[in-house]
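Participant: Sequence:
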Amino acid sequence: MIVRGTLFSIVLCSAPASAPAPVEDPDSVMISAAQQLFLDGQTRYETHDYLGAIEAFTGAYAVAEEIGDPIRRDRALARLRYNLARAHVYAYDVDAAHEHLELARRLMADYRADERAIGKDPDTDTDVKQLEDDLVQREAAHQRAVAHLQGPPPDPINTRRGQTQRRAGISMIALAAPFAGLAVAGGLMGAQANRAFTSVTTEDARTAAQQRGRTGNVLFGVGVGLAVISAASGATLIGLSAKTRRAELSLSATPTGLVLAGEF
23 MIVRGTLFSI VLCSAPASAP APVEDPDSVM ISAAQQLFLD GQTRYETHDY
73 LGAIEAFTGA YAVAEEIGDP IRRDRALARL RYNLARAHVY AYDVDAAHEH
123 LELARRLMAD YRADERAIGK DPDTDTDVKQ LEDDLVQREA AHQRAVAHLQ
173 GPPPDPINTR RGQTQRRAGI SMIALAAPFA GLAVAGGLMG AQANRAFTSV
223 TTEDARTAAQ QRGRTGNVLF GVGVGLAVIS AASGATLIGL SAKTRRAELS
273 LSATPTGLVL AGEF
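23 is the number of the first residue of the sequence shown in the numbering used here; add one for each residue after it.
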């Protein structure tokens, strides 16, 4: 929980009953302004407006730094560091910005230094350890999420295999073009032989035309077959290389969510 109540728990000023008139506290203006911002931050925190609470507590901190009394100033700043740290921890639950955890860690380190210098604050002592535990839990969850999001590096063997498959596929498709040309040449040869067979009158000429026709048909069949095989094999290899690449991308970009434990 955050520190509730007043920012300045010690007596701000006092005067004996017999004193003719109290002397105005030179820090009263700064104390009043810091206290107002502190209370505004409390309200925002308790309504889960953590970013608004951070803004209000930061404003109170800036004002409290101008307080002349070192004891009141240092205790007020220590309380504000604690409250800012807690607001940053829970702001992280809202927007998952890791800078909140970084700032909370630094603020808690400063707060622990304050404890060693000016003593423990009874209003925050019982909750400091819980806040530190909350911070550790969120840091651990963040590190797990980052590690899972990044994932292991792609297997270099699979990467090379995919590249080899793609290059081989392109080469096979390129081979389909000359094979298709062979089929076209065979078709033209067969057509010419058929026309020659019907136009010649001697037996030898007809026999020669038949032989050219058979040769053309063989060339046509072989060309078509090899062109189809080359194109199909090339497309298959390119498809396998693309599948390997998609698998690598999906491994390196797996979405994940943060599982956070802690007490609001």
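For the record, the hints were derived by calculation from the structure and aren't laboratory data. There's no promise every hint is true.
[As the list claims (entries may be wrong)] Using C-beta positions, here's what the derived DEER-type ranges look like:
#  : residue 1 : residue 2 : range
1  : ASP117    : GLU87     : 23 to 29 Å
2  : VAL168    : THR148    : 31 to 37 Å
3  : ARG166    : GLU88     : 41 to 47 Å
4  : SER54     : GLN172    : 49 to 55 Å
5  : SER193    : SER221    : 29 to 35 Å
6  : THR80     : PRO144    : 31 to 37 Å
7  : LEU171    : VAL116    : 55 to 61 Å
8  : ARG128    : HIS70     : 21 to 27 Å
9  : ALA162    : SER193    : 48 to 54 Å
10 : HIS170    : GLY247    : 34 to 40 Å
11 : GLU77     : ARG134    : 20 to 26 Å
12 : LEU171    : GLY90     : 47 to 53 Å
13 : VAL168    : HIS70     : 35 to 41 Å
Because the structure is a prediction, the values reported are computed rather than measured. C-beta atoms are modelled at their ideal positions from N, C-alpha and C, and glycine is treated no differently.
Participant: All hints are to be evaluated individually against the structure, with a verdict given for each.
Facilitator: Hints and how they fare:
1. ASP117 to GLU87: 23 to 29 Å: Distance hint for ASP117, GLU87 holds at roughly 27 Å.
2. VAL168 to THR148: 31 to 37 Å: holds (32 Å)
3. ARG166 to GLU88: 41 to 47 Å: holds (43 Å)
4. SER54 to GLN172: 49 to 55 Å: holds (50 Å)
5. SER193 to SER221: 29 to 35 Å: For SER221 against SER193, whose Cβ atoms are near 43 Å apart, the range 29 to 35 Å is violated.
6. THR80 to PRO144: 31 to 37 Å: With a Cβ separation near 24 Å, THR80 and PRO144 fall outside 31 to 37 Å, so the hint is violated.
7. LEU171 to VAL116: 55 to 61 Å: The hint (55 to 61 Å, Cβ to Cβ) is violated, given that LEU171 and VAL116 are roughly 19 Å apart.
8. ARG128 to HIS70: 21 to 27 Å: Since ARG128 and HIS70 have Cβ atoms about 23 Å apart, the given range 21 to 27 Å holds.
9. ALA162 to SER193: 48 to 54 Å: With a Cβ separation near 51 Å, ALA162 and SER193 satisfy 48 to 54 Å, so the hint holds.
10. HIS170 to GLY247: 34 to 40 Å: Hint violated: Cβ distance 50 Å, outside 34 to 40 Å.
11. GLU77 to ARG134: 20 to 26 Å: holds (24 Å)
12. LEU171 to GLY90: 47 to 53 Å: Given range 47 to 53 Å: holds, Cβ gap about 50 Å.
13. VAL168 to HIS70: 35 to 41 Å: The hinted range 35 to 41 Å is violated for VAL168 and HIS70, with Cβ atoms some 26 Å apart.
Checked against the numbered hints listed earlier, the structure breaks hints 5, 6, 7, 10, 13; every other hint is satisfied.
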